[in-house]
Amino acid sequence: MNKHASPNLKAQKISGGVATDQRHDSAHKHVSGTAVYIDDLPEPAGMLHGCLGLSTATHATITKMDLSAVRAAPGVVDVLTAKDVPGENDISPTGRHDEPVLADDKVQFYGQPIFCVIARTREEARRATRLAKVEYSQLPFVTDIGDLDPRKDKLVTPPLTLKRGDAAAAIKAAPRRLTGKMRIGGQEHFYLEGHIAVAIPGEDQDVTIYSSTQHPSEVQHMVSHALGVPSNAITVEIRRMGGGFGGKETQGNQFAALAAIAAKKHHRAVKIRPDRDDDMIATGKRHDFLVDYEVGFDDDGNILGVDFMFAARCGFSSDLSGPVTDRALFHCDNTYFWPAVHAQSAPLYTNTVSNTAFRGFGGPQGMVGAERVIDEVAFAVGKDPLEIRKQNFYGTSGDKEGGRNITPYHQTVEDNIIHRIVAELEASADYASRRRIIAAFNANSRFIKRGLALTPVKFGISFTATHYNQAGALVHVYTDGSVHLNHGGTEMGQGLYVKVAQVVAEEFQIDLDQVKITATTTGKVPNTSATAASSGTDLNGMAAQNGARQIKDRLTDFAAEKYQVPRDQVLFLPNRVRIGNQEIAFADLIKQAYMARIQLSAAGFYKTPKIHWNRDKGEGRPFYYFAYGASCSEVSVDTLTGEYVVERTDILHETGRSLNRAIDLGQIEGGFIQGMGWLTTEELWWDDKGRLRTHAPSTYKIPLASDRPKIFNVTLADWPEANEPTVHRSKAVGEPPFPLGMSVLHALSDAVASVADHTICPRLDAPATPERVLMAIERLRAAGRA
Amino acid sequence: MAKITIRNEIRFILNGRDVALPSVAPDATLLDWLRLDRSLRGTKEGCAEGDCGACTVLVGKLSAGKLVYESVNACIRFLGSLDGTHVVTVEHLRGAPGQLHPVQQAMVDFHGSQCGFCTPGFVMSLYGLWMKSPDPSNAAIEKALQGNLCRCTGYEAIMRAARAISSYGKAAKDPLAAERKAITARLEAMRDGSRVEIGTGRQRLVVPANADDFAAVLDKEPGTTVVAGSTDVGLWVTKHMRDISPVVFIGNLDGLCAISEDNDVITIGAGVTYTDAFATLAKRIPALGPLFDRIGGEQVRNMGTIGGNIANGSPIGDTPPPLIALGAQLTLRRGKKRRTIALEDFFIAYGKQDRQPGEFVEAVHVPVPAKGTKFAVYKITKRRDEDITAALGAFFLDLAKDGTVADICIAYGGMAATPKRAFGVEKALLGKPWTEATVETAMSEYAGDFTPLTDMRASAEYRALAAKNLLLRFFAETSGSKAPFQVSRNEAA
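Residue numbers (the numbering used here), protein chains in the order written: chain D, 771 to 1556; chain V, 4 to 496.
Think of the hints as simulated: they come from the structure by calculation, not from any bench.
Where a beta carbon is used, it is the ideal one built from N, C-alpha and C, also for glycine.
Heads up, some of the hints might be wrong.
Claimed, not checked - 30 Å max Cα-Cα, derived DSSO-like pairs, lysine-lysine:
no., chain 1, residue 1, chain 2, residue 2
1, D, 1480, V, 173
2, V, 355, D, 1459
3, V, 242, D, 903
4, V, 223, D, 1459
5, D, 1480, V, 485
6, V, 135, V, 69
7, V, 176, V, 135
8, V, 242, D, 834
9, D, 903, D, 853
10, D, 876, D, 903
Stated by the list, open to error - To give an idea of the chain V side of the interface with chain D (calculated C-beta under 7 Å), a few residues:
no., residue
11, 156
12, 282
13, 490
Said to hold, decoys possible - In silico negatives: residues of chain V with every beta carbon more than 12 Å from chain D:
no., residue
14, 23
15, 67
16, 110
17, 203
18, 224
19, 289
20, 352
21, 356
22, 394
23, 403
24, 424
25, 435
26, 471
27, 480
28, 487
29, 492
Turn these sequences into a full structure, and let the hints guide you.
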């Protein structure tokens, strides 16, 4: 917020309303180191610290667990095992009862928590943890889905099938067809602030928990289950996270539950902050996929039928793998109309950490599969992939010729703007002429080859579990006219708090600095959904608006009655209210309303209209609307080593009528780079013993400033607006920009293809590390020689 | 040797105040001390291994009498190594009364923070850069930020902020600039020529008074852990919780931090950091400049030493292969006794070096390649910057007048248990005409020279193939072929 000052009563516009570029509400605290993260909170006297003991077997029964040395270590107060869990030893977020807080007799991945040391200091807890002597009886394990049969092997949750038309017949009847397989790697969230929970015991059964979570209500419910106490005993609070990206949707439950158990047992505050390695080993990641595809098409590259199998490495438990793999299928069309389609998922059980939510939630993997199919067809018919993309786009809603706007899940695409997005980007990025320049460059450059690609994005907005699409907010107006705002959404850096505050400021027509944003807590707004699925602003903005409107309604009634004017003569102007012919300050109206005993507090609520989904039938309208964008990237590749740089990226992305273009731009730039990282240098690597060996930034490489495209032009399309009545006609922006990173993968593929004169589809898998790029080049060269 | 006085406390300046610590654990880190003892919680822990930069602080040190501020990773910087320095944390930054510092205000106005957790570290790195270079190029900013990870912004907003800092204030008017003389005087006053000794028995740390004193200390207690930049030993503590005491800290030690040139041999003291070596090496042996720019991040280069990179004997250290290819010699010292060996002979086997108990690496002597000879070094990583080598090849070539190979030395890192020469390849090249046909024949010798491993950085197949291809790149670069030979970050506007 800006510095506190008296509101300007003559302003034409409030300061900080919607559709203005507001900085992040905590920016000044971020830069000065005064923004408080959970580890920065003052520690209550006597606080204890926990450290997880992780399994050193990949799949085994525990035959002996000797923790005597751990208990005897300096500073150790207690060692928790499964039997110390007073309630249910389960934190499965979907109720499948497949994920223990602490593993009991069996471990199912290397790094699974089996005990928790509680000591006076974090250091002592960490040191003691290493003294455990655990013996195992090894069981056979599988870590790689390449070794599994998606049709036969064990699944962690029921699969989904989407179908429209007869794909098998369409492919069979098509003039041309091909099959292929693609590997798409997973991704570590690498939030800069790792997981953390602080539990402070209260009287009776009460516990207050500060948890770095995107889903306080779920932490509340999980802790209550684990403690065996009602939800009303548990309060979960989070002011801000140091990044989430989906990694803190369910994965904080374990730390919160253990901190709470220890806190209640010892009547002392308990903090658990795993170090980076334990965090990366013991918490879930983006699902990696193997995609099998078969496509039928004609000689012009018009796709006639597609069949997909999306097999995912889910890890040892279901966690969110059901909805994640569902969303992969929901995006196996990306922006394309498949005339006949059959797509199925296989959420496979593996002896790896249970994979979880990550920005895009399976959607990007589905889209990468779709784009591979496009590439295959383009190479098969010898056309620029962009031509194949455009000719297979969904039709627009005005398109009467044959309804090319039905998705594989039978939702009609009503808001398609991808044609214009791509046309504008193609022009502004100078695609055609650069295509020629690159061809000339490649013809004259022996070792370095350039590549270019333009890829589109269509992303479905809403939780596919319909009931999650609800939100609450709590709005108080104090007698001085200042506003206290609370809602169920969490702030992980994405700027949700400031956007929702802008909505409330706009509603009351008061300056943004009159709205105090307060920490998310289950005690103020109950039963919230995770801040996820890009829905934070859509849901909480509407709920807060609803809360503000309730109060405004009461104020309007009050003013109309008191001043004896019709309701429509009460107008909320910037920082003031016009009542009939006179204007009074907003704060003065509030004072009068208080004196007249008008309720100045409201619980706002919102539920997304129109959506429904029948998973058994594979039909419905899971998404309220779609968000669109496109990116165009050019790369240089060293054909001797596979090393590459991104020379230039152009992005055109839309967020409807943006609430805050500065915040949205940051989401787009950041989302693109994160997506690029996923598809390029970020590689998860398990060794032959099933151990994840990339569990720290020394071995797991997210993009740096020097990995950015050398030229990076990002534009928000200023013409679209949401075609549904979303909050001020804005659109979600959290996840949709992430798959813009696909253009880098395809540009790399294009550069690789140049070594065989663009006659062979490179089938470049992700992440396209320098190694994969070089090996693809070798493969194409060998094929070219054969 | 003059009698050394002993002091039993570490002294340094923290932000504005002098600090004297009589009790410091040998393995206490600066980050834990700041956060837990001083409640300065603006400095964050992101990884505790010097790779993410969330814990970046500035450390001012007197280098040849001049006060120099450098960004460092507080997570792996030992408290005991700070004697005689000025530690500056984000809490110390300020602008005009009631205002943010120009670096901070630029970051706010250009939306350079999202979740904010990495932000204090970015602010400190940018502050360190701005003090040295108020109007930096994109390349300079990227280099200064190689050791800072941000997962939210995609960096573009941070770059915009970095370019704009000088429009918010003048570096010359910055508080640290204004205080420079006073701080220098206070640091000078702390330099009393003493040896610092804290603790007893196994919980003991020593900061020697100078290089000779270090030699005496190590000679007396050969089992002491020697810590220079702590970019490696720091992780023994934070990651492996190894007991490292007793410890001797030799960073910034008089007599160990000099670079000198004599008859085209550059002698680098074992305590010289990558940053301090850069100017001389990049000027005299230009091929080393781009390599040094890709070792660690800025914070690691400010702490890490070439001596440490050699002494720890890692097969993936970045400096041994090029120095071996250049024919570098190593001076080892125990007490007053010194011996000089060829650098390549120092590396015996994995984890085993030719270093006797009580002996330490004192200096490395690097011949500057003669005019007309060719020298190149290529580092291959998954991510271009701040990544550990998958394979690194260094090539030295001297051609006879007739175009045949008169001398060739090829050394690799990441391809064997030690930094290792490609003797078979060299043999296949020596005396032959420097042609692509010769090179292609020689490339088949790699299989005999190296049997690389598969690990998380690269597969054996990739290492073998890419390593081999580097010879072709070297040939192309040295034989008048048409550029470009490598992808590069820096030619863009």
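Consistency of the hints with the structure:
1. D:1480 x V:173: holds (28 Å)
2. V:355 x D:1459: With a Cα-Cα distance of about 27 Å, the restraint between residue 355 (chain V) and residue 1459 (chain D) holds, given a limit of 30 Å.
3. V:242 x D:903: Answer holds: residue 242 (chain V) to residue 903 (chain D) is near 20 Å, not above 30 Å.
4. V:223 x D:1459: violated (44 Å)
5. D:1480 x V:485: holds (23 Å)
6. V:135 x V:69: holds (13 Å)
7. V:176 x V:135: holds (13 Å)
8. V:242 x D:834: holds (26 Å)
9. D:903 x D:853: holds (18 Å)
10. D:876 x D:903: Within the cut-off at roughly 15 Å; holds.
11. 156: holds (5 Å)
12. 282: Because about 21 Å separates residue 282 (chain V) from the closest Cβ in chain D, which is outside the 7 Å limit, the hint is violated.
13. 490: holds (5 Å)
14. 23: holds (24 Å)
15. 67: The claim stands: residue 67 (chain V) keeps its Cβ more than 12 Å from every Cβ of chain D (closest is about 30 Å).
16. 110: Per Cβ check, residue 110 (chain V) is inside 12 Å of chain D; nearest 5 Å; violated.
17. 203: holds (18 Å)
18. 224: Since the minimum Cβ distance to chain D is about 25 Å, residue 224 (chain V) lies beyond 12 Å and the statement holds.
19. 289: holds (20 Å)
20. 352: Label holds. Min Cβ-Cβ 23 Å, cutoff 12 Å.
21. 356: holds (22 Å)
22. 394: Not fine: 9 Å to the nearest Cβ puts residue 394 (chain V) too close to chain D.
23. 403: holds (27 Å)
24. 424: holds (21 Å)
25. 435: holds (21 Å)
26. 471: violated (9 Å)
27. 480: The claim breaks: residue 480 (chain V) does not keep its Cβ more than 12 Å from every Cβ of chain D (closest is about 10 Å).
28. 487: Label violated. Min Cβ-Cβ 5 Å, cutoff 12 Å.
29. 492: Violated: least Cβ distance 6 Å, not greater than 12 Å.
The structure does not agree with the numbered hints 4, 12, 16, 22, 26, 27, 28 and 29 stated previously, though it agrees with the rest.
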